[in-house]
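The task is to assemble the complex, starting from two chains supplied on their own in separate frames and drawing on the hints.
Which chain is which? The protein sequence lines are A and B, in order. Using the working numbering, you'd call the opening residue of the first sequence number 2 and step up by one each time. Using the working numbering, you'd call the opening residue of the second sequence number 113 and step up by one each time.
If you're looking for bench data, these hints aren't it; they were derived computationally from the structure. All figures in this text were calculated on a predicted structure; none of them were measured in a lab. Don't be surprised by glycine CBs; every beta carbon is placed ideally from N, CA and C. Any given hint could turn out to be false.
Unchecked claim - Some chain B residues judged to face chain A by a derived CB distance under 8 Å, without partners named:
no. : residue
1   : MET113
2   : ALA114
3   : LYS115
4   : ILE139
5   : VAL202
6   : GLY204
7   : ALA218
8   : THR266
9   : ALA275
10  : LEU278
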Amino acid sequence: MAKATMSTSPVMSDATLRASLGKIQDTLCYQLLNTGALAIGSGSKKKVKLVNTIYALMNGALIKTTTAEVALSGTVVNATYNVFVITMTAAGTLTATMGTAGATLAAVVFPAIPASSVVLGWVEIHPSGTGNFVGATTDLDDGTVVPNAVYYNSPFPLNWTKMENL
Amino acid sequence: MAKAAISTSPINSDKYLRDILGDLQDIFCYTCLNSAGLAIGTSSKADVLIANTTYGMFNGVLKGHTTDENVLAGTVTADKFNVFVLTMSVAGTITVTMGTEAATLAAVVLPAIPASEAVIGFVIVNPTGTGDFVGGTTELDDATVVPNAVYVNTPFPINWTLAENL
Numbered sequence: 002m003a004k005a006t007m008s009t010s011p012v013m014s015d016a017t018l019r020a021s022l023g024k025i026q027d028t029l030c031y032q033l034l035n036t037g038a039l040a041i042g043s044g045s046k047k048k049v050k051l052v053n054t055i056y057a058l059m060n061g062a063l064i065k066t067t068t069a070e071v072a073l074s075g076t077v078v079n080a081t082y083n084v085f086v087i088t089m090t091a092a093g094t095l096t097a098t099m100g101t102a103g104a105t106l107a108a109v110v111f112p113a114i115p116a117s118s119v120v121l122g123w124v125e126i127h128p129s130g131t132g133n134f135v136g137a138t139t140d141l142d143d144g145t146v147v148p149n150a151v152y153y154n155s156p157f158p159l160n161w162t163k164m165e166n167l
Numbered sequence: 113m114a115k116a117a118i119s120t121s122p123i124n125s126d127k128y129l130r131d132i133l134g135d136l137q138d139i140f141c142y143t144c145l146n147s148a149g150l151a152i153g154t155s156s157k158a159d160v161l162i163a164n165t166t167y168g169m170f171n172g173v174l175k176g177h178t179t180d181e182n183v184l185a186g187t188v189t190a191d192k193f194n195v196f197v198l199t200m201s202v203a204g205t206i207t208v209t210m211g212t213e214a215a216t217l218a219a220v221v222l223p224a225i226p227a228s229e230a231v232i233g234f235v236i237v238n239p240t241g242t243g244d245f246v247g248g249t250t251e252l253d254d255a256t257v258v259p260n261a262v263y264v265n266t267p268f269p270i271n272w273t274l275a276e277n278l
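Bound-form chain B, shown alone (with noise of 0.2 Å):
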């Protein structure tokens, strides 16, 4: 979604401001500091492979997690576009979020993004052949639904769910 704006009331400013300033510490301070290596798995086609050991700054913690492939849960209806967003926790563990489909590209509303956790990258999913694309069945690179898979990584520091709503 857009980010909302910055509040111009003077009301409660000072604990807005620190609110906001809050925010901005944790996108720098929950990041992923390598890439992934995101790509269709290797067991399971239908899941998405970890194919890099994968490191994560949290909150001053340095986590690592080895490569591993991930489940993706959710439908993406033929010719809607959606995202799959993989973040990891200072636990190492992965989790796979999809966002809502759109027609377009542009249109797709990324999901929140967990508190506490970074964005490893994500997956986008365009299925252009027959029928729709069914997270942990179709596999992704399926020569009937042709999802049209395209890994994207994310070693940077990024949370869009923090960003727009300042």
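Chain A on its own, in the form it takes in the complex (with noise of 0.2 Å):
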């Protein structure tokens, strides 16, 4: 979603402020530090694949996570886009989130980051075969839905859900 407008309101200006603050610092306080090369899964081609070892800075200490690979949840309905964001917490669990999907791939808004996570990337899909993309059930390169699946990776300071929200 667009960012929310700052308040200009003086009455608890200083409140808002330092509120608004703590936000910026959360984003700059977690942060994946190198990419974690996203793909498809080789286990299980339902699922997205870390293929590298990633590192990110999680409030002071430094978090590593091994090769993985998450499973989604969610449907995309064919001809519409989506994302599925995928997540890690201080304690190595990745979490996969879908958006809500959209007409075009500009429409989709992005999920809420969960709280002390940091963002990996995500994977768009965007199903132009037939049939709907069913998370945990079709191939990410399934012949038949064809999800037209892209990976992105975002080894920065990154978080929607604080920055728009400030």
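Printed below as a string of structure tokens:
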């Protein structure tokens, strides 16, 4: 979604500014440091594979996660666009969160990023063949559904949930 | 270390907020712009090689640093984890600063980043063989000490010293 406009109200302005600064601080204190090279799974082509060992800075701690495959959950209706965002907690737990589909890529609404997590990247899905893309069921290179999966990696400060809502 | 909470004290809030904004400004105004391609030294395997000509933005000044090798200083005790952080100044000078070692990677305390410098990356060292890793002496692929060196490049705004202490 688009960023919310910063309040111009003088009432409680100090508290508002402090809260906003805290969100910026979190964006800078939880960040991926190298690319995970997201790709189609090798153990299961229905999953997204984290190919590289990754390192993240999470509130002062260096967190390492080795290669893994992440299951997707949710359906992308044929001919629409959506994203599955991959995030990691300080415990190294990987989660895929689906956005809200749009008729165009630009109309996709990205999902809320879980608190205290870093964004590793996302996979864009746009089924242009026959049928819907069903997470955990459809292969990411399925010849019938044709998901047109595109993998994005985000090794830099990135938290749209906080930055769009300062 | 973990980030300090934004103060909620109303005292001197205006100056306090300005200082925070100044720190945030510095994070974005002193940044490495491309990957240094950190790797084991070729002339000396005890050194860290900057394989790529590396550019940084320093408060509006673009500065490049050509390939060279950098000496590490400090000891990492066997079985501990630590990092050697490489930073660059507007003069193109590279500084290597060791963190504080710990039993796990997540518990390592990253060193303070020198003022007005850009972080170009770091080397993680975790000797799992026999003996300590001695910076400037032990080769980064030493077969006896087994440093398990990992090289991480940071071509984006990153300054944990400022971000964690707003």
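Handout entry: LEU278/B as an interface hint toward chain A, with CB separation required under 8 Å
Key = Holds. Min distance 5 Å.
Problem - Hint check: 8 Å Cβ-Cβ cutoff, MET113/B to chain A - result: 5 Å, holds
Handout entry: Interface hint for LYS115/B, Cβ within 8 Å of any Cβ on chain A
Key = OK, holds: LYS115/B within 8 Å of chain A, min 5 Å.
Exercise for the section: Using Cβ atoms only, decide whether THR266/B comes closer than 8 Å to chain A, and label the hint accordingly. Expected result: With Cβ-Cβ at 6 Å, under 8 Å, it holds.
Handout entry: Per-residue hint verdict: GLY204/B, partner chain A, C-beta under 8 Å
Key = With a closest approach of 23 Å, the GLY204/B hint is violated.
Practice task
Would you settle whether the hint for ALA275/B is holds or violated, based on the nearest Cβ-Cβ distance to chain A being less than 8 Å?
Solution key: Because about 4 Å separates ALA275/B from the closest Cβ in chain A, which is inside the 8 Å limit, the hint holds.
Exercise for the section: Under 8 Å, Cβ to Cβ, is where ALA218/B needs to be relative to chain A, so tell me if that hint holds or is violated. Expected result: Since chain A brings a Cβ to about 4 Å from ALA218/B, closer than 8 Å, the hint holds.
Problem - Closest C-beta approach of VAL202/B to chain A relative to 8 Å, hint status - result: Because about 22 Å separates VAL202/B from the closest Cβ in chain A, which is outside the 8 Å limit, the hint is violated.
Practice task
May I ask you to test the interface hint for ILE139/B with respect to chain A, counting a Cβ-Cβ separation under 8 Å as satisfied?
Solution key: 6 Å, holds
Problem - Hint status (Cβ of ALA114/B to nearest Cβ of chain A, threshold 8 Å) - result: Since chain A brings a Cβ to about 5 Å from ALA114/B, closer than 8 Å, the hint holds.
In this structure, the hints that do not hold are numbers 5, 6, in rising order.
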